[in-house]
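With the hints as constraints, model all of the structure from the sequences given.
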Amino acid sequence: MVQNVLGEGFAMSEIDYSQKGFTKPKEHFIYRIKFTKGEEVKFIGHLDVMRLFQRAIKRANLPVAYSQGFNPHQLLSFANPLTLGTTSEGEYGDFEMAEKIEPTFIMTELNKTLPKGIKVLDSVLITQKTDSAMASIDGAKYIVFSKELKDSSQEDIKRYLSQKEILVLKKTKKNEKITDIKPDIFEIKKIPEGLSFYLAAGSRRNLKPEPVIQSFYNFLGLHFEKYCVRYHRLDLMRTEQGKLVGLSEGIGIRSLKE
Amino acid sequence: MKNCIPDELLLQVEKPARYTGNEVNMVIKDPEKIDIRFAFCFPDVYEVGMSHLGLQILYYFLNRREDTYCERVFAPWVDLEQKMRENQISLFSIETQQPIKQFDFVGFTLQYEMCYTNVLNMLDLAGIPLFAEQRTENDPLIVCGGSCAYNPEPLAEFVDFFYLGEGEVLYDEILDLYRQNKKEGGTKQQFLEKLLQFDSIYVPKYYDVSYKENGEIASFTPNHKNARKILKKAVVTDMDSVYYPEKQLVPLIDVVHDRVTLELFRGCIRGCRFCQAGFVYRPVREKKVDTLLKQAKELVKTSGHEEISLISLSTSDFTCFPELANGLLEEFAKQEVSLSLPSLRIDAFSLELMEKIQEVRKSSLTFAPEAGTQRLRNVINKNLTEEEILQGCALAFSGGWTRVKLYFMIGLPTETEQDVKGIAELSEKIVEKYYEMPKEKRPRPVQVVASSSCFVPKPFTPFQWDAQNTFDEFLEKAKMVKKQITKKQLKYQYHDVKLSFLEGVVARGDRKIAKVLYRAWQLGCKFDAWNDLFQYDKWMQAFEDTGVDPAFYANRKRNYDEILPWDHISVGVSKQFLMAEREKAAREEVTPNCRQKCSHCGAKCFGGGVCYE
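In order, the protein sequences belong to chains A and B. Here the first sequence is numbered in my numbering, starting from 203 and rising by one per residue. Here the second sequence is numbered in my numbering, starting from 28 and rising by one per residue.
Source of the hints: derived by calculation from the structure; they are not laboratory data. Just to be clear, a hint being listed does not mean it is correct.
Unchecked claim - Between beta-carbon pairs, the in silico distance windows are:
hint	chain 1	residue 1	chain 2	residue 2	range
1	A	Pro385	B	Asp106	30 to 40 Å
2	B	Asp106	A	Thr285	16 to 26 Å
3	B	Asp199	A	Thr285	44 to 54 Å
4	B	Val283	A	Tyr268	19 to 29 Å
5	B	Gln109	A	Glu427	10 to 20 Å
6	A	Pro394	B	Asn114	26 to 36 Å
7	B	Ala578	A	Glu427	36 to 46 Å
8	A	Phe272	B	Ala578	47 to 57 Å
9	A	Ser457	B	Lys60	40 to 50 Å
10	A	Pro394	B	Arg206	48 to 58 Å
11	B	Val283	A	Thr310	33 to 43 Å
12	A	Thr315	B	Lys602	48 to 58 Å
Where a beta carbon is used, it is the ideal one built from N, C-alpha and C, also for glycine.
Next up, the structure:
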């Protein structure tokens, strides 16, 4: 659970900070940032993105909060890692600040210094009780670019999805397992570039687009060339009262005047 | 910018972001509006090249000129190279992703002899003929610089010209000259002739070499009326006014050294007799503390780095070191920027400083005694006594450090069995020093790691005439050290003998080595410094195929009167001084450092630095 001061069940008023030996914990403000990962940076990994933001925050001179201890680090956490080579316009991170600043200020200052391909699209100060970006995710939307599927039709998709189960071979580090991915496919649509996918994502259930497209190729009797298919993530979604919304929706404010 | 390598290939190679650029502070220019295109090539992988300070300096130095676009090029890793060859993709620059064959200059920085096959491989991948005489007006000019360029001969046949010395001094004049020559419709040939006006530019084709029957050089003579008999390295005399970038390229992926690098000074006052850097970078020239603090502030601001590293050959010799260290700590403590201090002498001040910057996390401390006995340390002029080493360790142990790394060399001139065994003995004394502390002050067992590298005699050192140990001698000595060790808290490692042998051949090689390099490259040698890719057998085959005897270069003692392949180059330090130092080494006499007393090495001729303090 992400909360702005201390964990649940920890009432600040119970501690007398005027006593010796206590320092009042600093109040932190958590901002949810939505950003892109474009063509220019699609080959850098999850940890690289994290380091890139740490440095951008330093260059932008934002009042970021640091962890306590001997090796202080910026309090940043990021949502679902993206596969190397996949672009996105719906990446998220939760950034803790030591001061309450305008959410848009973070966006404009970071955008002045971020490398090409990474652009902050949204910045929200979290005021509602909500899970961390990573823990919030329930679904992800993708575009899959494929030349071979240009001629496939909505009818093909319908036939594919009407199978009783969709079995794929999932490889883990140790073994292989046949899994039914059908329940994790929310939607597949035909679009001019290829297909659009809406798949389960997050820590509970997670389905990457590649096994889906591979099994769809197999279903159509097409040869699947792993490296010739491109993926683009449109957004990461969370459930709010049974409805799926973007991760930065309905959790806080975009202006301190709100 | 569209990547030169298509996505489907990049997806199949390790770390594709090595090839796609877009780093923070990358220079972007329109190549159409540029007169001079310069490919700055680093003959190793991206992560190594991006950690090199010289690249960072020259990149911005050249790009500060409006008429020039300097772009970076790195050696593609073997996986990408294979894809490039399969798909006929030629070597490209990071910035514009364009083939470097169309550039005006292709420049290599030579930091290490064992990267020379990579230089050849990169030229070939670029579609540029390897040998200078095979190239035409349509090919770029190939230039090499860096510390290995002080013995340019092994690469002389491949390179159009060598830049000897520090890049900031002459590149502006060279590029102005190039632009003018191009404007006037001059040829490459004419440009190379014009380069002969410079003291520090070596154009190999204007020199002829002849050899004696025994393989030694008989004569080395200019064949052009303007070619100088002796070339002299270029040095910056005022380190405070010389250009230093306000920015650094900030890589998007993890590289070897990923931090702000602050260059405190160039040169070294010590004069350790085995150390090439200690002679070729003379004289010592420092920056002022104010200059450094200003540069540090600016670099942290523009990079966002979380660490500053102080770079120089011997950091503690910086005259205002405490003032600088405290100034940096004060400035950056609140900004969560840490300090890293390589090559420190261990004394009370440096330990206190490390205590401050490292808080509780105590990494291991490194000492470089280089030799096992005081006698041999005197021979190599390593002014570090056993007492100082043991005292330093005792200080460190009482400060809570429990891990010590020790660097030694085997195969140093005059080395005896006693010296070799001394490596083990000194290391064990350090272990014992730890156990002299009361038990309650010893949280865990001490760990001492002693490692020895194989001594490689280098040009421009007092040992440039010496024979390198043979393969068997090295192995025997390493075994001798190993046998001598009794304590389990002491680990001993030794470096690859084969690679050191080859390094020994190439480092003091002449023009005849070119054909060996070429043959080794043909046989598939590249990335020789990478353990898993080093193919010793192929190198041996290359020597055999070309009829070149490697022992002639590595294991032969030269006479003082022999013409050495690098005798036409002066680094300021005179040959007479090096001979005198070699004689003092034989007598086990030490030479005071530059601040204690001037030993008249010759570096005063540059008109600056410590010689005039």
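Structure-based check of each hint:
1. Restraint check, Pro385 of chain A to Asp106 of chain B: a C-beta distance of roughly 38 Å satisfies the suggested window 30 to 40 Å.
2. Hint check: Asp106 of chain B to Thr285 of chain A, Cβ distance near 19 Å, so the stated range 16 to 26 Å holds.
3. At roughly 46 Å, the beta-carbon separation of Asp199 of chain B and Thr285 of chain A lies within the given 44 to 54 Å, and the hint holds.
4. For Val283 of chain B and Tyr268 of chain A, the Cβ-Cβ distance of about 26 Å falls inside the hinted range of 19 to 29 Å, so the restraint holds.
5. The hinted range of 10 to 20 Å is satisfied by Gln109 of chain B and Glu427 of chain A, whose Cβ atoms lie roughly 19 Å apart.
6. Hint check: Pro394 of chain A to Asn114 of chain B, Cβ distance near 29 Å, so the stated range 26 to 36 Å holds.
7. Between Ala578 of chain B and Glu427 of chain A the CB atoms are about 53 Å apart, so this pair departs from the stated range of 36 to 46 Å.
8. In this structure, Phe272 of chain A and Ala578 of chain B meet the distance hint of 47 to 57 Å, their C-beta atoms being roughly 54 Å apart.
9. Remark: the range hint 40 to 50 Å for Ser457 of chain A to Lys60 of chain B is upheld by a beta-carbon distance near 43 Å.
10. Roughly 49 Å separates the CB atoms of Pro394 of chain A and Arg206 of chain B, a value that falls within the hinted 48 to 58 Å.
11. For Val283 of chain B paired with Thr310 of chain A, a C-beta distance near 34 Å keeps the hint of 33 to 43 Å intact.
12. Between Thr315 of chain A and Lys602 of chain B the Cβ separation comes to about 52 Å, which falls inside the hinted range of 48 to 58 Å.
Violated hint: 7 only; the structure is consistent with all others.
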